[in-house]
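Keeping the supplied structure of chain A fixed, place chain B upon it in accordance with the hints.
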Amino acid sequence: MLKYTIRRILGMIPMLFLISIVVFSLAKLMPGDSLSGEIDPANTDPQYIAEMRDKLGYNDPVHEQYLRWISNFMQGDFGKSTRYKIPASEIIAERMPNTIFLGLMSLLITYVFAFLMGSYAGRKPYTLGDNFISAFNYIGLALPSFIAGVFAIYIFAFNLGWFPSNGSVDISLEQGTLSYWISRFHHVLLPAIVLGALSTASYTQFLRNDIIENTRKDYVRTARAKGTPEHKIYRSHIMRNSIIPVVTFLGIDIGLLVSGAIITETIFTYPGIGQLFLSSVTQRDYPVLMAITMLLSFLTLFGNLIADILYGIVDPRIRLD
Amino acid sequence: MQVTTVKESQLKLKPVKSTSPWALARRKFLRNKLAMASLLFLIIVAILSFLAPYLTTQDIARINIGEMSLAPSGEHWLGTDKSGRDVFTRLLYGGRISLIVGISCTLLVILMGTVIGAMAGYFGGIIDSMLMRFTDFVLTFPFTVFVIVLNAVFFGKLNGLLVLILVISFLSWGSVARIVRSKILAEKENEYIMAAISIGCSPFKVIVKHLLPNVLSTIIVQGTILFATMIVVESGLSYLGFGVPAEIPSWGNMLSSANEPDVLQSKPWIWIPPALAITFTILAINFVGEGLKDALNPRSRR
Numbered sequence: 001m002l003k004y005t006i007r008r009i010l011g012m013i014p015m016l017f018l019i020s021i022v023v024f025s026l027a028k029l030m031p032g033d034s035l036s037g038e039i040d041p042a043n044t045d046p047q048y049i050a051e052m053r054d055k056l057g058y059n060d061p062v063h064e065q066y067l068r069w070i071s072n073f074m075q076g077d078f079g080k081s082t083r084y085k086i087p088a089s090e091i092i093a094e095r096m097p098n099t100i101f102l103g104l105m106s107l108l109i110t111y112v113f114a115f116l117m118g119s120y121a122g123r124k125p126y127t128l129g130d131n132f133i134s135a136f137n138y139i140g141l142a143l144p145s146f147i148a149g150v151f152a153i154y155i156f157a158f159n160l161g162w163f164p165s166n167g168s169v170d171i172s173l174e175q176g177t178l179s180y181w182i183s184r185f186h187h188v189l190l191p192a193i194v195l196g197a198l199s200t201a202s203y204t205q206f207l208r209n210d211i212i213e214n215t216r217k218d219y220v221r222t223a224r225a226k227g228t229p230e231h232k233i234y235r236s237h238i239m240r241n242s243i244i245p246v247v248t249f250l251g252i253d254i255g256l257l258v259s260g261a262i263i264t265e266t267i268f269t270y271p272g273i274g275q276l277f278l279s280s281v282t283q284r285d286y287p288v289l290m291a292i293t294m295l296l297s298f299l300t301l302f303g304n305l306i307a308d309i310l311y312g313i314v315d316p317r318i319r320l321d
Numbered sequence: 001m002q003v004t005t006v007k008e009s010q011l012k013l014k015p016v017k018s019t020s021p022w023a024l025a026r027r028k029f030l031r032n033k034l035a036m037a038s039l040l041f042l043i044i045v046a047i048l049s050f051l052a053p054y055l056t057t058q059d060i061a062r063i064n065i066g067e068m069s070l071a072p073s074g075e076h077w078l079g080t081d082k083s084g085r086d087v088f089t090r091l092l093y094g095g096r097i098s099l100i101v102g103i104s105c106t107l108l109v110i111l112m113g114t115v116i117g118a119m120a121g122y123f124g125g126i127i128d129s130m131l132m133r134f135t136d137f138v139l140t141f142p143f144t145v146f147v148i149v150l151n152a153v154f155f156g157k158l159n160g161l162l163v164l165i166l167v168i169s170f171l172s173w174g175s176v177a178r179i180v181r182s183k184i185l186a187e188k189e190n191e192y193i194m195a196a197i198s199i200g201c202s203p204f205k206v207i208v209k210h211l212l213p214n215v216l217s218t219i220i221v222q223g224t225i226l227f228a229t230m231i232v233v234e235s236g237l238s239y240l241g242f243g244v245p246a247e248i249p250s251w252g253n254m255l256s257s258a259n260e261p262d263v264l265q266s267k268p269w270i271w272i273p274p275a276l277a278i279t280f281t282i283l284a285i286n287f288v289g290e291g292l293k294d295a296l297n298p299r300s301r302r
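Protein chains in written order, with UniProt numbering: chain A, 1 to 321; chain B, 1 to 302.
Bound conformation, chain A alone:
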């Protein structure tokens, strides 16, 4: 197990290296460069600009520029944002907590709802309640998140007024107070539900089918024959076996949250990494763009790694070597 994990982590290095080459080439292919972020914006003398361009290495061969970028990058220097004129790492660090908060909330909502609905539907299959849950699942799986988000804002934020429609916190509140945290929670709830809807639907469906399948297994029949109470069979015999495979979805979820966050944060104008990514593309803020792309690629790779390792831990029958 340990050997497999170490080998997988080492295997990520060439992958990240290749991705970094792709990211760098794409940024070079895009029109413009990040020069304007590094020089004095008030000085428009073309000679000064040409001088600075040469001095800062924008005229060097591409591979030298790449090596400089990647070695700085490895040391945590992502370059200076051309728009905000401060290091890209600072901007990302500022937005990061919001995205992590959103992701964790959405995971929490997913787990709680999927557990409740899945175990109910699995216990009473083909009843009215199960059909309702199945219908919800179908909608959750088919409805794209941006449409769900638009409808959620229209219904719950504008017409019913239950949730705020944008931002991550009420700016009039002082940081650190209780009402500040309640406001943050209030702001994150609707985006988190929309972001988690897809996973909730697939988790619920999986849990339901797994419970139904396990109900027919021999050990359940044995437990029944012994006279074990029905609720105990579900709680300690079936649920324990059905919950396990769901755990492995965590890795896939990390990847889903990455791409989901871009769309969800834009709809709810929630100031996180996803929104920063889109604005850095439109404003051609290359250092930030490259740093976020690398970060999101790393998270996706990391998610795949977690998924594979969890498979092995949860199900010892899967041999990893």
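Some hints here could point you the wrong way.
[Said to hold, decoys possible] To be clear about the criterion: a stretch of chain B counts as covered by chain A if any three or more of its residues have a C-beta under 8 Å from a C-beta of chain A, and this derived list gives those stretches: (1) 132 to 145; (2) 260 to 270.
[Stated by the list, open to error] List of simulated lysine-lysine pairs, DSSO-like, C-alpha gap at most 30 Å: (3) B:K33 x B:K293; (4) B:K209 x B:K293; (5) A:K124 x A:K28; (6) A:K124 x B:K33; (7) A:K124 x B:K28; (8) B:K293 x A:K124; (9) B:K33 x A:K217; (10) A:K80 x A:K28.
To be clear, the hints were calculated from the coordinates, so they are not data collected in a lab.
Small disclaimer: the values here were computed from a predicted structure and weren't measured.
Positions of the beta carbon are idealized from the N, C-alpha and C atoms, including for glycine.
What follows is chain B alone, placed relative to chain A:
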């Protein structure tokens, strides 16, 4: 003498033809009411969208200042948008673009995925491991991030629609390639493949004539799911402003007007029609896909 004639007439009786797997699947699919209703819906949407220039008289490009943001009425069935363009007309034209992008991406992805997956699965060895490493590499890209970046790179240099289709397809064929490869790997162990090779069939002929027809049902089901996914991808990207160029109406572009709080809150006729069009189309495609999956699976009894 008589006995023989009876025998002869019996011989002339048509032998009972056993139904082919395809006929069985067709019969099963035709009996699936939900799938048939969805298919009918999709056909109607497609006909309406592709005949849009003949069905509507409104100009989709001209900005009409006198008729800005009108509510639905007899003249404008679904009202007009903020530039005074008829929403219903744009919905039909938008459907055409969304369906074209969806279909082209699906076909390209299926083509690339099948070619690479079939080659990797059939030849095995070094070709297999090289192609699959490449597939893994493409699959590890966070899809949304790279589609947006790639689109920004090529934006304005080439025809926007074509770029979008190529970029989406190039980043999505990985999963199809994996599925086709695993199916081919299992299928090529059969004796009829060895027989085909032993009588001197070229690899191309073995793959196209013998292997692909046997994995076709998987590819068809995958294609249906992909079609729905591609429509979501196109409309999602256009909604964010990184998809179909803004001057061409598509369902996603129309929906992006919901980014303005004023439109979202008080002019729902502008964004609800494209939102519902996308939702129902995707639902219908999914139902057709489920129906096909049931119909093509010989083990499912329905």
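Taking 8 Å as the C-beta cutoff, is the stated coverage of the region 132 to 145 of chain B by chain A satisfied by three or more residues? With 7 residues closer than 8 Å to chain A, the region 132 to 145 of chain B meets the three-residue bar; holds.
Run the distance test for K33 of chain B versus K293 of chain B: straight-line Cα separation, threshold 30 Å.
14 Å, holds
Review point. Holds or violated: the region 260 to 270 of chain B covered by chain A, criterion of 3 or more residues with Cβ-Cβ distance under 8 Å?
Key: holds (count 4)
- Would you check the hint for K209 of chain B and K293 of chain B, treating anything up to 30 Å between C-alpha atoms as holding? Distance of about 23 Å is within 30 Å: holds.
Check your understanding: Given the proposed pairing of K124 of chain A with K28 of chain B, does the C-alpha separation stay at or below 30 Å?
Key -> Holds - the C-alpha atoms of K28 of chain B and K124 of chain A are around 29 Å apart, at most 30 Å.
* To do: For the pair supplied as a hint, K293 of chain B and K124 of chain A, confirm whether the alpha-carbon distance does not exceed 30 Å.
  => 26 Å, holds
* Asked: Hey, K33 of chain B versus K217 of chain A, does the alpha-carbon distance stay inside 30 Å?
  -> Between K33 of chain B and K217 of chain A the Cα gap is close to 33 Å, so the pair fails against 30 Å, i.e. violated.
| message | Can you confirm whether the C-alpha distance between K124 of chain A and K33 of chain B stays at or below 30 Å? | response | Cα-Cα ~26 Å, so holds.
task: Please work out if K124 of chain A and K28 of chain A have their alpha carbons no farther apart than 30 Å.
output: With Cα atoms ~58 Å apart, K124 of chain A and K28 of chain A exceed 30 Å; violated.
Checklist entry - Given the hinted pair K80 of chain A and K28 of chain A, is their alpha-carbon gap at most 30 Å? => result 16 Å, holds
Hint compliance for this structure: hints 5 and 9 are not met, and every other hint is.
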